[in-house]
Structures are given as C-alpha cells and as structure tokens.
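These protein sequence lines are chains A and B, in that order.
Start counting at 1 in the first sequence, then tack on 11, and there's your number in this note's numbering.
Start counting at 1 in the second sequence, then tack on 291, and there's your number in this note's numbering.
Calculated from the structure, these hints are not laboratory results.
Certain hints may be false.
What the hints assert, rightly or not - Quick list of in silico lysine to aspartate or glutamate cross-link-like pairs, EDC-like style, CA-CA up to 16 angstroms:
1) 263(A) x 147(A)
2) 240(A) x 264(A)
3) 283(A) x 310(A)
4) 306(B) x 408(B)
5) 508(B) x 147(A)
6) 508(B) x 142(A)
Source: prediction; values computed, not measured.
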Amino acid sequence: MIKLEHVGKTFSDGTEAVKNLDLEIKEGEFCVLLGPSGCGKTTTMKMINRLIPLTSGKIYIDGVDICKLDQNELRRGIGYAIQNIGLFPHLTVWQNIATVPMLKKWPKTKQRKRAEELLELVGMEPDTFIDRYPSELSGGQQQRVGVARCLGADPPILLMDEPFGAIDPITRNKLQEEFLKIQAKIKKTIAFVTHDINEAIKMGDRIALMRAGELVQFADPATLLSSPKDGFVRDFVGADRVLKGLRLLRAKDVMQEPPLTVKVGENPMRVKALMEKDRMRWAMLTEDEGHFLGWITCDDLQESKRIRDTITPPTITASLDTPLNEALSMMFDSAIGTLAILDDDERLVGVLSFEIIRDVLGQQVDEAKTEPCGEGQ
Amino acid sequence: MWVQAWNYLINHPDKIAKWTLQHLYIILVANALAVVLGVLIGIYISGKGRERIAETVIYFASIMMTVPSLALYGILMGILSALTLPSIGFLPVVIALTLYGLLPIIRNTYTAIREVDPAMIEAGRGMGMREMQILTKVKLPLAVPVIMAGLRQAVVMNIGIAAIGAYIGAGGLGQPIFRGIANYRNDLILIGAIFVSLLAIVMDLLMGGLEWLTTPKGVRIRRKS
C-alpha cells in the first residue's frame, strides 16, 4: 500500500509542481495518474521512489516512511519502467532484465533463470531472445523487455511512466491487453502515469485525475465517466464520455442468449416454420459441440438443400473479452448487424446487437443524470 | 639517395631498431599517462553542474595543442631544471607528449559520457544503481570506444611530435632525421621519415583494432544496421 500525505513539491526555480496531495493506492491496485502535461503526475510518481525528493508531506509504503529507508534499497524494491525504455545497449536482453537482481547480487544462474521466466511472462520466446541485444529488437519487443526488467526482482510495487507511449497504436493496444492479463496474475500495486484518457480508462482500477499539482478527482473509471466532478474533468474525459464508457464493458457483461440456435442436421422446413412463427429475422447454426457455423435466414431455407449449404458464414466474431466499443464497430462489418460471441474454444455463447448496446448506453446516461453533481458536492 | 637509404637499412638494422623502440617507448609511456589522466579529468568534468569547469579545461587543453613542441620543450626545460629534475632527454619529451595527448582524450571522454542517453541513466537510477554503478556499468562501457578513438588520435599525432624530441636528446626516430640535416645526409633523413610514417600507420591500425574490440557487441550491431 502506498500512502501520500499532504505531499508537496516546489522546484528550485519556484514552480509548485505538486500541492498538498493526499492519495492512497491500495495493495494490488492499478492506479492511473492522469492529467495534462505539467499537472504534476510524473513528479508525483517519481517522488514515490525518491527520484525527486519531496518538499513537504510524507509518503508511506506499507506504513514505512520512505525517507527513512536507504534510497537505493527503496528503489531496488520498486519496479520502474519509463516511456523511453532506457534499455542498456551494451547488455543482452537477459542482462538488462536482471539489472536489479544483479544489483542485489543474486547468483548469475538465478539471474538468468529469472530473465527466462519474465521473457515467457511478457510473451517472448526465451530461447530466441535471451541472448540478443536491444538493437536487434523491434520497438514493441524492447518495450516488453522494459516491462520484464521492471519486474526483475519481483517487486511488490511498480512505477510506470507512460510505458506504452512511444509505440504504434496497434502494438500499444496489444501490449496494454497483455499487461492487463499479466497484472491479473501478478497483482502488483501500480502507479501508472499517462495523459491518455483512453489508456487510463482501459487500464486503471482507479484514476487519479490531476490538474496544476492538485488532485481533482480520484475514482474508478466508470464513476469518472458517468459523474465527472467538475467542468475540467468533463472536458478532460471528453464529450464522447458516454461512448468511452463502452470500453469499460466487455461482451460477456452484456451479451444475450442467441434467440434460436439450430444444430446441423435439423430439418430445414421445421426450422423455417419455427422462425416464421416468431418472426425471427435470423437463427444461428452450430455443430453438435457448439461451434458456430453461420447465420440462417428464413428466405434462404429450402427443403431440398441441407441448412448447412444455405447459411451466411460469419464474417467476423467477437470473444467474451471484446470491449463493447470494439464490438460496436465489428457489428458494422457483420453481415447481419449482429455479432456472435464465441468462447475460447470457439463455441457459440451469446450475441450482441445494436439494441443491446443502445440499452447499455441508455443506462449510463441515466446514471449520469441521477447524480449530476458527482461526488463531493 | 634511395639506394643509399636502402644500403643503410641493410647495413644498420640494429640502429634503426633501436631508434624505433626508443620512439615507441616514449609514445607508450606518454600516452599511457595521457589516457589515465585524460579519462579521470574527462569523468570529473562531465559531472553534474561542472559545465563551466569543463569548458575551461577543454579550452586550456586546446590552447596546449597550439603551442609548438620546440617552444614547449623550452618551457619544460626551464621548469624541470628549476625543480632540479633532468631537463633534457626522456622526461621533458614524455611530459610534453602527455600534455599534447590530453586534449583528444579529455574531449572524447567528456563528450561520450555527456551523450549517454538520459533515459538509460534515469532507468539505472530508478532501479537503484548508485552513481558509481551508473558510471561503471552504464556510462563507461558506452564511452570506452569513443575514448579509444581519442587515444588513437593522440597516439598517431604524438608519433610525429616525438620525432622532435630527438632535438633535446630523447632519442627515437628523430635522431637520424636531425643527424641527416646536420650532415647533409638525405638517406638518414629518409630513413627517419619513412619509419616515423610506418610507425604511425601501424599504430593507427592497431589502435583501430583496439577500438573495435572495446566496442560492446550490442553497440557494434547497432552501428552496422
């Protein structure tokens, strides 16, 4: 647990970067420090490992005042990842990852073994990459190594300063997803700095939105979107905050049962009768084990043909963890305007339609209306 | 003249070998001193908040380079004899060459350390490296090839300047040159000049190899791509 009490920082040129800040990051919590540039978010983060000394106030880690600890010991117990990565070009991938274990004087074999584990964790084949040099890696791979390095000695706390800031959007998205999966496993206490509201919403358990050195609102992403505390927060999260809320939900949260699933081998005419009775526009065909084959429409069904030969195969499907904003765009690509949701074994488990998304959006707007002033007012 | 020089080479290989070894010895001692002093000074002036000192030091080292070697020998003779130290021969020449060698080494050390990517230094510091560890594990390994390039420059340059050292009795390949000038012996001048040049070329190649060897593999790969 990290606790900041009345923390302030005034630089020697007189700039007050952080003013009387109180913040508590719970054990295992992913806390995003968010704000426009110059709001003091990076300064706040760097005060936690004393890269920037604080001018006033106190910071406690698990109840211990960090100023009472040896500065380098403190830092070796906190993972640190930065936007420019800062891998050491003269060291191999494993030597880079094992920087903190090396500083802690672990035996060499243990260092290398740890590097192997971590490469595996960040999705890089250890045998291929362990002896490479940073210059032989792509930007995304370097960033993965940067993440692995900050986990080097398995610190309970991670400080991350826009670690995915300098890579292309596609790789960034992938790394964010992967890091969330890693975090679900390792459950570190994280202070994560970004200026990107979308990244904050996607990654954070709670978001600390800062402006001019002060904490404006500290809340979970849904609350920040639905109940912005003031005009600044509302502007910062953006006019499309309702749509942004879609990112917070995943297909599995709102999907519905398919209205009618048909197994292969059914009689086409019986299916047709069933669909006409309920005026269904479509039904879904699956194999016996539940694998999704395609969409059935009434008009295509013919007595002389197997259902299998008359279906419209799916152009696109979503998984249980697909965020709703992505699902929404996928619907436009789906032949039928409805999206089939498949589980990890490719079995059909549900559907998402425009109607469902509209209802979800409606709920969010309602919530926002019932508590228009947000917390603290 | 060429024939006479060739005959001299055949008849007196021992003398030529002696001069070359003397020359090499002076160069090695002077540049070893220069590299130790230069790197230490370079590290010191690359420290935080020492920009003014760095400017001054590099300025003086540059001025040093513009002093003609004969003048410098003269000044050193004065100083050394005042200190009752040998004022001619090996000592003043080595001191002079050390001073000449300092500039490229100080300048390269300083530039190389200052140009290490700040992100690396921040990452190192953030992971709990002490300042000394940042120097020895990050800054210096990256700076060594650049420092070697400075040393290479210093060595090659000093091989030429050392020839003048024969004038104040330090021996070396300057000796046949000065003797040749005094006695109208063009063959001796030629011998001296050729061997000074050969020595410079050979040392340049050797130092180039050393520069390559001291470049960390990961950095070498980056240069290739």
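Hints the structure fails to honour: Going through the list in order, the structure violates hints 1, 2 and 4 and respects the others.
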